[in-house]
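*Asks:* Chain residues, written in single-letter form:
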Amino acid sequence: MNERIERLRRESFETRPSFSAERALLETEFYEKNDGKFATPVLRGMNFKYICERKTIYIGPDELIVGERGPRPKAVSSFPELTCHSVRDLEILNSREMQSYSVAKEDMDIYRDRVIPYWRGRSMRDKAFDRMPQKWTDLYEAGAFTEFGEQRALGHTALDGLIYRKGMLDIKRDIAEARSKLDFISDPDATAKDDELQGMDISCDASIIFAKRHADLAQEMAEGESDPARRAELEKIASVCRWVPANPPRDFWEAIQMYWFVHLGTITELNGWDAMSPGHFDQHLTPFYERGLASGTLDRELAKDLVSCFWIKVNNTPAPPKVGVTAAESGTYNDFTNINLAGLRCDGTDGSSEVTEIILDVLDELRLLQPQCNIQVSARTPDGVLKKAARVVRHGMGYPSFFNADVVIEEQIRVGKTLEDAREGGTSGCIETGCAGKEAYLLHGYLNTPKVLELALNDGVDLMTGKRVSISTGDPSCFKSFDDLYEAFERQLDYAVTTKIEVDNYLRARYAECFPATFLSVVISDCVKNGKDYYAGGPRYNTDYIQCTGIGTITDSLSAIKKHSFEEEAVSLAKLVEVCGKNWEGAEALRLSMWNKTPFYGNDDDYADDIMRRVYGSLFDAIDGRRSILGPTYHINMLSTTCHNYFGKMTAATPNGRFKGTPISDGTSPSHGADRNGPTAVVKSLGKMDQVKSGGTLLNQRFLPSVLAGEEGINGLVGLIRSYFKLGGHHVQFNVVDEETLREAQREPESHRGLLVRVAGYSDYFVDLDLYHQEEIIARTAQETV
Amino acid sequence: MKPLEGLEDPQGTVFDFKRYALHDGPGIRASVHLKGCPLSCLWCHNPESQEFEPRPLFRPDRCIGCLACVTACPEGAVSASTAGIRTDAALCSGTGRCADACPSSAREVCGKKVGVGDVARQILKERVFFEQSGGGVTLTGGEPLSQPEFTVSLLRWCKSRELHTALDTSGFASPSVLREAIPWTDLFLYDVKTMDPDKHREFTGVDNEVIISNLSSLAATGAQIWARVPFIPGFNSDGEGMRALGKFLSGLPSVRQVNLLPYHSAAEDKHSRWGMAFSLTGLRPPTEHSIRAAAAVIEGFGLKVVIGG
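So the sequences go chain by chain: A and B. Take 33 as the starting number for the first sequence in the working numbering and just add one per residue. Take 16 as the starting number for the second sequence in the working numbering and just add one per residue.
Same shape as in the complex, but just chain A (with noise of 0.2 Å):
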């Protein structure tokens, strides 16, 4: 690492996140000056333009990348048209020990006076809670799942490499092109697509108009500069910024830079969930790359500098702060763009190149939280570039992450895209699979699976509020065999599934009507062509996700009352669910009986992995298939993030011996402390369950950094991954650290600031962690070798 880049790390890595209230005022004024003036997309358009007239333009010392979301480094914006946050959230923001923003007296002041008095009981959240049915609220409230559109916009998207090949004025040309093959005779849309289309057209000008201020104050600054290799610098910014995005970039520099300008134009729009990602990073930069090398513009140290300047970028914009359960569910400052490397190209060729090496030394001198990073190993992905990750992995900050590009490609090709963009399609925030550029891919909320096995052992009382939350199923009394019970759950899970559908289809639908993301869609196809916005159907392809959580809880519980009541009467399922609602109260040997004696998910036990497969079943029959106001759209995902504590907390005690409150399992790893039989019968139960069928699965295992010594250690690790996903595996990821370095870390942790750690599909600060959040990675499971 150079010193440039080594102080602009420093920079990003100290600097604390802080609030501003300067989106949140522009956009007040706005509204307060032309809402109801025009048609909701041309507003939108204009709202994004109004921001990128007048939000700050910040260029700081070192900079070659430019642009930052809020006005200064790790300025996180805020977005009340979706969440009004109240002067109390603020002080809270401010004060609370983990994930906290700095905010500013005059920040909370333009709030108070300003943005509430005209955003309150007009945000997006204010107006969906009042529409909520009681049915939703009562297993909402009990932590049987959450919902993602109560607060930030729907999203997760990916780019392609049409903006590196379209200017934003090329864009321009297209929509002109589709406004004039409207239809206003025929086709009944017309107007609402060229309301749609004039929307998208202001939105290619704000970007321009931003980019162009950031060229001005370059030049500005380059002007006023006396060390003349930094003037230089400088000039090249101005001339880089003229040029991106109104035009297709024509080197490295540029092509970097124009990502960013889109990236940042997405999250200036809207906050959606997850922040954008650039796809196939290295792939796209690629041609760029060997094009600078042949002609002697570019060598390797200062496309290094580049990607470095782009990485610290993104680290500067942490999440925009949340409230609620979505800030239980999503406890970080991660912002969830992932950054995709190797795969295959369209062509179904290798995707590695010279850059996907730079990328990985970039993120393993760089070690900051943002952005994630992971590698998509097809079988043609040669061993070399695995193993490189492997050595990033094993200094333990659980970056690259691993993905199965194969079945990435099959399950895209499941749900009906073309081959060519499902291999241009990849996964992006923690583990979702989507086509890249080409689809909109909403996640919609998390479901609490054991919450909904306790509904059914409870005849659908919440055990841990005594509330009646949803349908009577049944006594446990009344349950003959364990098919009985089984079809309780699922009664209990088509309940809770069909509750929650019909409320994530209202909030798809208020923001396909009052929040159209006018910006993201130009560059997302085909929603120009379509003359539809991103959330209205405009993409290629729609999909909106169920991210189910759990399975290793579930299974092992219902493994543990198969075994335990049905088939030897050890104890009775009616005396087992009482104990279960007294915490195990009086019953340490039976919770050890359960616990010790009980075949559990992610030991190649058939007993327990047939189980889970019946549960996948029925969670993919409840979920794949269902009707989004676009059609039979939704799919299960079987991601946490680290939702799994969250439901722990609001889940009772399970029938597996696990306490009230404590975390449930993660992703679809085993649950912790239940897989004994190391990471080759992990993934071999894991591997057991059709991920195909599934729009991702996440597993989680921790290394002891013995594991990973020598070169045995890279070879095992290697072979580990290339065997899980020949077992059709999709995700897997390491934390590779001890116990005695965490414990030594909560103990010290100022001095352990940059220990990143593997969460749940992405990597946090463990100091920043809170002491549950720390616990439960200490919990997992390490394997060891021999």
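Errors might be hidden in some of the hints.
The following label-pair restraints were derived from C-beta to C-beta distances [said to hold, decoys possible]: (1) B:Leu139 with A:Ala411: 21 to 27 Å; (2) A:Glu620 with B:Leu139: 24 to 30 Å; (3) B:Gly323 with A:Ser783: 55 to 61 Å; (4) B:Gly323 with A:Glu46: 37 to 43 Å.
Bear in mind the hints are in silico, worked out from the structure with no lab data behind them. In this text, a Cβ means the ideal position worked out from N, Cα and C, and glycines have one as well.
For this one, chain A is given, so just place chain B on it according to the hints.
*Replies:* What follows is chain B alone, placed relative to chain A:
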């Protein structure tokens, strides 16, 4: 699993089956640990494996005092008093009922009689890892050649399934037993402790004569061999001992590499965990420097040395 076609299904006593073993031969391996060893090396880090018969084990730290073991034992070998739970070794025949009944896994039985078919079924579950990493199956112990019928059958079965096999042996076996294993073994992990017969007897309880002559004859067949040398301070850590080893091993062309295995203090913990006497108390693991120096001595004879593994 039924006995394998065309093969007997001999029984063996196995005390551990380890998956994702990375240090018992190339690639990801499954290692099958056979119970019972004719040697009793003072530094043994699997002391519970030395006896040939299954052995009940008790971990007091896990015991919740529910007395399920006392009730479960059909032989009345387990009793409880104010002093705690006691197992009378003379009465225990190793049924394992106590372990089955114990809710907290405080009781285990080390060693189980199993058929080749039972082990084969476990091994097959790991096949994908062998194939993706160039790994395979390692038979280790204890001393696998002390259960020759079981060991050779299992090796033959592995080869019938195209699996790479490694045999980790002390070499203390009759030459004819060793010969039987050769056709089914891709790689021998052959322990050589010292060339000094007196020291060998003192520290392992047996002569090294048959070990050395077996190794010579094995090498003469062209079998692939990794020599494994435990590096024990105060036993074979002096330069002279290493030179003698290096000289001998370098005369055997089919010795492909030498694995130098530094003494690990886990041996002491293990002895105390299983309530066994340990005569090397307080022995410190060798320093990095002394390990490198020993490696250099062996390398001086033109041999490839790997530390650990």
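*Asks:* Determine for every hint whether it applies to the structure shown.
*Replies:* Going down the list of hints, with the structure as the test:
| no. | hint | verdict |
| --- | --- | --- |
| 1 | B:Leu139 with A:Ala411: 21 to 27 Å | holds (23 Å) |
| 2 | A:Glu620 with B:Leu139: 24 to 30 Å | violated (38 Å) |
| 3 | B:Gly323 with A:Ser783: 55 to 61 Å | violated (30 Å) |
| 4 | B:Gly323 with A:Glu46: 37 to 43 Å | holds (40 Å) |
In summary, the structure is inconsistent with hints 2 and 3 from the numbered list given earlier, while agreeing with the others.
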